[in-house]
Amino acid sequence: MRICRFNNDRIGVIEGSGLIDVSDLLDMRPKWPLPPWDWVAPQLGALSKDKWAGRTSIPLSGVRLESPIANPGKIIGAPINYKAHIDEANADREINQGKTYTSLDEFGLFLKAGSSLIGPSDSIRPRFQDRRTDHEVELAVVIGKKASRVPREEALSFVLGYTIGLDITVRGKEFPGFRKSPDTFAVLGPWLVTADEIADPNKLDLSLSVSGEVRQKSNTSRMIFDVARLIEYASAFYTLYPGDVIMTGTPEGVGPVSPGDQLVAEIDGIGQLNIQVGETAN
Numbered sequence: 001m002r003i004c005r006f007n008n009d010r011i012g013v014i015e016g017s018g019l020i021d022v023s024d025l026l027d028m029r030p031k032w033p034l035p036p037w038d039w040v041a042p043q044l045g046a047l048s049k050d051k052w053a054g055r056t057s058i059p060l061s062g063v064r065l066e067s068p069i070a071n072p073g074k075i076i077g078a079p080i081n082y083k084a085h086i087d088e089a090n091a092d093r094e095i096n097q098g099k100t101y102t103s104l105d106e107f108g109l110f111l112k113a114g115s116s117l118i119g120p121s122d123s124i125r126p127r128f129q130d131r132r133t134d135h136e137v138e139l140a141v142v143i144g145k146k147a148s149r150v151p152r153e154e155a156l157s158f159v160l161g162y163t164i165g166l167d168i169t170v171r172g173k174e175f176p177g178f179r180k181s182p183d184t185f186a187v188l189g190p191w192l193v194t195a196d197e198i199a200d201p202n203k204l205d206l207s208l209s210v211s212g213e214v215r216q217k218s219n220t221s222r223m224i225f226d227v228a229r230l231i232e233y234a235s236a237f238y239t240l241y242p243g244d245v246i247m248t249g250t251p252e253g254v255g256p257v258s259p260g261d262q263l264v265a266e267i268d269g270i271g272q273l274n275i276q277v278g279e280t281a282n
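Start counting the sequence shown at 1; every next residue gets the next number (UniProt numbering).
Worth flagging that the hints you see were computed from the coordinates, not collected in a lab.
Treat the hints with caution; some may be incorrect.
To be verified - Using 27 Å as the maximum straight-line C-alpha spacing, the simulated DSSO-like pairs for lysine-lysine come out as follows: (1) Lys173 with Lys83; (2) Lys99 with Lys83; (3) Lys145 with Lys203; (4) Lys51 with Lys31; (5) Lys83 with Lys203.
Turn these sequences into a full structure, and let the hints steer you where they fit.
As structure tokens, then:
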């Protein structure tokens, strides 16, 4: 299934060029105290086509697509997970700030603030006029059930699905989790593709263009830590909960974005995410 969030927190299932509103099939009432996970995420895998058969389709062209996950407890990032990106980072002073990047094992993971999350119908808003802000396209993994100290061979069974992620980054000397967490700097969309529809998440072409210029083009087979290894690694440090997101790292080709730029990100088996870069935030 392809599941989207649209028009102020409605949930839809994509069928062709339209969607079926299935919001009434889910328990979306808030619970208190709030759990440390996305309340709706674990319900999505139980959706069944027979429950919405015969419903009228809504054209995708007429809806506002939001991030498919509304409230991830954690957005986890893998900063240097492609060898070619490590090489370009070490060659670019604005990226490395005098540091030498070696391996993900040495550098570790980082967390992005949940408040940075937006969907494709929003706009990326650079935070500073005088600092470089870069695009990074990534495969994003959404966790479907609680996971702690998960062995690699079992890791994919904890995946709810996959979506396209943009890890927007301000360059500078600060710790990555700080520079990657301004408002609008985590983009997910256009929808969630359930894990059963992606035969191998480690064999997906991914690309990103900026205003028609292809900047990034690679394949997830070039990741240093594959999806299962990333889940194993992350769950060794954190308990993962339904709706948690793991950004799997970006390939080479990262570069600056400016107000007015149109970003188009694509990943095989998922689709295309289009988003505009807006004016610098006040």
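Checking one constraint from the list: CA of Lys51 to CA of Lys31, max 27 Å. Satisfied?
holds, 25 Å
Holds or violated: Lys99 with Lys83, Cα cutoff 27 Å?
holds, 16 Å
Take the C-alpha atoms of Lys173 and Lys83, compute the straight-line distance between them, and say whether it is at most 27 Å.
holds, 22 Å
Is the hinted pair Lys83 and Lys203 satisfied, with a Cα-Cα distance of at most 27 Å?
holds, 16 Å
When you check the alpha-carbon spacing of Lys145 and Lys203, does it fall within 27 Å?
holds, 24 Å
The structure is consistent with each of the numbered hints, conforming to all of them.
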